[in-house]
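So the sequences go chain by chain: Y and X.
69 is the number of the first residue of the first sequence in the numbering used here; add one for each residue after it.
28 is the number of the first residue of the second sequence in the numbering used here; add one for each residue after it.
Hints were generated in silico from the structure; no laboratory data involved.
It is possible that some hints are incorrect.
Said to hold, decoys possible - Sample of chain X residues at the chain Y side, in silico, Cβ under 8 Å:
{"no.": "1", "residue": "E102"}
{"no.": "2", "residue": "G158"}
{"no.": "3", "residue": "L555"}
{"no.": "4", "residue": "A557"}
{"no.": "5", "residue": "D575"}
{"no.": "6", "residue": "T578"}
{"no.": "7", "residue": "G579"}
{"no.": "8", "residue": "L590"}
{"no.": "9", "residue": "L594"}
{"no.": "10", "residue": "P600"}
To be verified - Label-pair ranges, simulated between beta-carbon atoms:
{"no.": "11", "chain 1": "X", "residue 1": "G465", "chain 2": "Y", "residue 2": "H292", "range": "19 to 29 Å"}
{"no.": "12", "chain 1": "X", "residue 1": "L528", "chain 2": "Y", "residue 2": "G304", "range": "16 to 26 Å"}
{"no.": "13", "chain 1": "X", "residue 1": "D348", "chain 2": "Y", "residue 2": "G304", "range": "54 to 64 Å"}
{"no.": "14", "chain 1": "Y", "residue 1": "N85", "chain 2": "X", "residue 2": "E574", "range": "30 to 40 Å"}
{"no.": "15", "chain 1": "Y", "residue 1": "D86", "chain 2": "X", "residue 2": "L459", "range": "42 to 52 Å"}
{"no.": "16", "chain 1": "X", "residue 1": "N458", "chain 2": "Y", "residue 2": "N85", "range": "43 to 53 Å"}
{"no.": "17", "chain 1": "X", "residue 1": "R506", "chain 2": "Y", "residue 2": "G164", "range": "52 to 62 Å"}
{"no.": "18", "chain 1": "Y", "residue 1": "T394", "chain 2": "X", "residue 2": "L528", "range": "34 to 44 Å"}
{"no.": "19", "chain 1": "Y", "residue 1": "L84", "chain 2": "X", "residue 2": "R506", "range": "33 to 43 Å"}
{"no.": "20", "chain 1": "X", "residue 1": "G465", "chain 2": "Y", "residue 2": "Q363", "range": "44 to 54 Å"}
{"no.": "21", "chain 1": "X", "residue 1": "D504", "chain 2": "Y", "residue 2": "D300", "range": "49 to 59 Å"}
{"no.": "22", "chain 1": "X", "residue 1": "G465", "chain 2": "Y", "residue 2": "T394", "range": "20 to 30 Å"}
{"no.": "23", "chain 1": "X", "residue 1": "K104", "chain 2": "Y", "residue 2": "N85", "range": "20 to 30 Å"}
{"no.": "24", "chain 1": "X", "residue 1": "D504", "chain 2": "Y", "residue 2": "H292", "range": "48 to 58 Å"}
We treat Cβ as the ideally placed atom computed from N, Cα and C, and that holds for glycine.
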Amino acid sequence: MTFVAKPRVHHPQLPLNDLGLTRRDYEGSVSTLCAGCGHDSVSAAIVQACAQLSLPPHRFAKVSGIGCSSKTPSYFLSHSHGFNSVHGRMPSVATGANLANRELYCIGVSGDGDSASIGIGQFAHIVRRRINMLYIVDNNGTYGLTKGQFSATNDKGSTSKKGVPNLYAPIDLVSMALQIGATFVARSFSGDKRQLVPLIQAGLKHEGFAFIDVISPCVAFNNHNGSTKSYDYVRGHTGNVIEADFVTPGVEITADYEPGTVEDVAMPDGSTLRLRKLDEQYDPRDRVQALSHVQRAAEDGEVVTGLLYVDPDASDCHEILGTPATPLNALDESVLCPGSDALERVNASLR
Amino acid sequence: MKATNIADPNYFHKVVDCQWACPAHTPVPDYIRLIAEERYTEAYMLNWDSNVFPGILGRTCDRPCEPACRRVRTEEKPVAICRLKRVAADHKGDISPFMPRVPTKKNGKRICLMGAGPASLAVARDLLPFGYEIDMYDRDPAGGGMMRSQIPAFRLPADVLEEEVDLIVDMGVNATYGYEITSMKDMLAMDYDAYFVGTGAPRGRDLDLPGRQEVDEHISIGIDWLGSVAFGHTHSISGKVIVMGGGNTAMDCCRTSKRLGAESVTVVVRSAFEVMKASDWEKEDAMSEGIPIVNNRPPKEFIHENGKLKGIVFECVKPVDDGSGRLRYVPTGDPDVYMECDHVLMAIGQENHCPWIERDIGLEFDKWDCPVLDEVTFQSTHPKVFFGGDSAFGPENIIWASAHAHQAAISIHLLCQGKDLKKDRPPAGVNLISQKMGVHQWSYDAEHDASKRFIVPHANKRKALDNIKIEVELGFDARLGLKEAQRCLNCDVQTVFTENLCIECDACVDICPMDCITFTENAEEPDLRAMLMAPADNAEQDLYVSEDLPTGRVMVKDEDVCLHCGLCAERCPTNAWDMQKSVIHTPQLGSYAEQG
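Next up, chain Y with everything else stripped away, as it sits in the complex:
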């Protein structure tokens, strides 16, 4: 952490986005996490992604649970709505927020403890309910806030700072999300913004439940030799299958890729998700293949990153429930209480 506040002055040539804002306008208060924490890079990636997309900061709901990860919503989008909730209960609050106002962009930030231990039940059910949100797990495999115990995502055999190996097999949130029906599943690395920023942009634009598992090293307790979630280990064992690039509407696509390896996926708002296959055989729309690829790589000690699965025609919770297009919190009394005639008609239809 630092107590020197980041000065408001910025680079004189910092670009303005379509809303006339600079990237600096998307920042939050100064981080109190340890210096070098991967989570701060994830926050910075969210700032970059939102600024580049020219999204209005005040149209965001950011929600979190408890833990180092869950402190981070304070450090981005300071002009948005935020709710720092109960340990493992971020999904419930996110569900409520999204049901009440479907027009807000919803970002949930959780950690491996928050989502894979105390909140694993909530995690499973928000995936199943397909809430239209971006769910990010800052995954460092350790309980940093309580000084470095193994978390549920820590790999078997990965050692603690003192060299003691972990005895239990990990919970893989990516595999879980794929299995339970998430329609956008990705894994990334806090030390690779080139990959992470487009993934966040695509996740925000995905209409349905988007999940990104971000390996985010804990410099204080899990960045040593023997850890499988250190900067060095992840850099040395990453296999990227799909490189995603997010292209906003109206922008000419000029990227120069090998023919046959690029696939453009149209997003609901007219933007384009450009996928570059780094593995010829890999099909990012095949859920079963994605699942087996992730698990096989895990067996080999490889960390698969990139956009692993996407269903561009996904539906979200509101579609499933058939709620009106107007956000529920904007429905006025005449709509909510249409009068006794309407009640009569409903009753009659049920007789």
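Based on the hints, put chain X in the right spot on chain Y.
Structure of chain X alone, referenced to chain Y:
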């Protein structure tokens, strides 16, 4: 790009823009921090060591440091460096314990200084502690040279001038005043071990226009007239005065005229307002005293009647920018303008002029009648004769005189020791000292202060115009000085990067408020400049490039708008970034340089 060599003394020196721009390379941020700590005496001595005349320069310096100040690029207005220098001079305590010791036993070498201006005085100061016997000759009745004769008392009070001149003379200079040097041959016959010519640029230019000769008694050369005011020969000027010229001498002439009783004063300049040589603040001060400045009016003719000046006819021109970098002036077609006047002060430039140096003694002059000098050693083609100040390369200003003097003093010392003036010259150097005191603690005030530049108070205008001895600028008091000192960005506390400690976590990239830092694939400089977090368009500012990192990338830092806030080091988990003070050793006798 190749990795940056931070051991090169010039690399971090350039980052300290003010120090780099200063001819004498005064360590500006260092003394500003001392002022912020209310250690005025130390701040003064740091200046005195480097520029020799802090109190005088704190009022009269041309301030090359201020336009260079990084604050101009990050916000708008530079730190008021010059005025802070004056704060140190005004508030200093007893400096006598810090003065260099001058040995009573001399080293047997005799040095002759010609002229008692800033250049000669600075040479004397550098050489005296080494046991040299110094004889100084000047035609004026007192020392100080142009600082006394050309800068009016309302800008530079006599006591400030005398204090700093006496400080050096009292170190043991054998000064002979009122001594007009008429022959270099005669001087060389006195057989000194070395000679230093610091006679300045004493000849003011004249304009030979129709009518000039007929009205000679109504026309004065600006610097001569200022000199006669300074030495008490001229006490008043009457009628309508026209000052011709657009430099600082013109500003001094018009403001002096106003104080000496002129009915009206007008400055007429042949060129445009923007390209006038006078410093902005001098122009502002003149105008705020109600003196009109008329631009784009080259003079054509003096009009006179019965030997009495009536006025001047000016042509009307306008500047045209033809893209060559210099404005061209073309007639506007308007009829000529006639301006009435009773007295003209010519302040259209000055020249170094040494008619007393015989041209057959092996001392060569170039086609502009300037001495042929070695630009490093300041040695003329006569091995025993050195030049400095305005007499070297033409009119500059006091701070350049100090800078020349340091180099000339080194040369004279080497010559007298029988060493080679170039090969044995002491090198420049740099030391880097970590400023880390503990967790989140730095030995300097890292926090960025967003205050705007503070305005310096002025004397009551009516009173100031009544008396030529009343100083117009009052200077910052201690409170304002502290506030202004806080605006300094501490550019000498450098961001130093150690490759093998970096884990490439991006923490520094994310926290940097000015987007200075990027981790990227390496490329050639022009490409690299376009690939950074923010475009590095200012090619005058260097890129700091690391060796290859484990991922194959390099760290690139654009030095241009770095606030030196230390957040990169604060956020770095491995101390790959550290804030280290760069101490630049500019070769100078008596300081670091002498160790060699």
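Broken hints, numbered, in rising order?
Those not satisfied are hints 2, 3, 4, 5, 7, 18 and 22.
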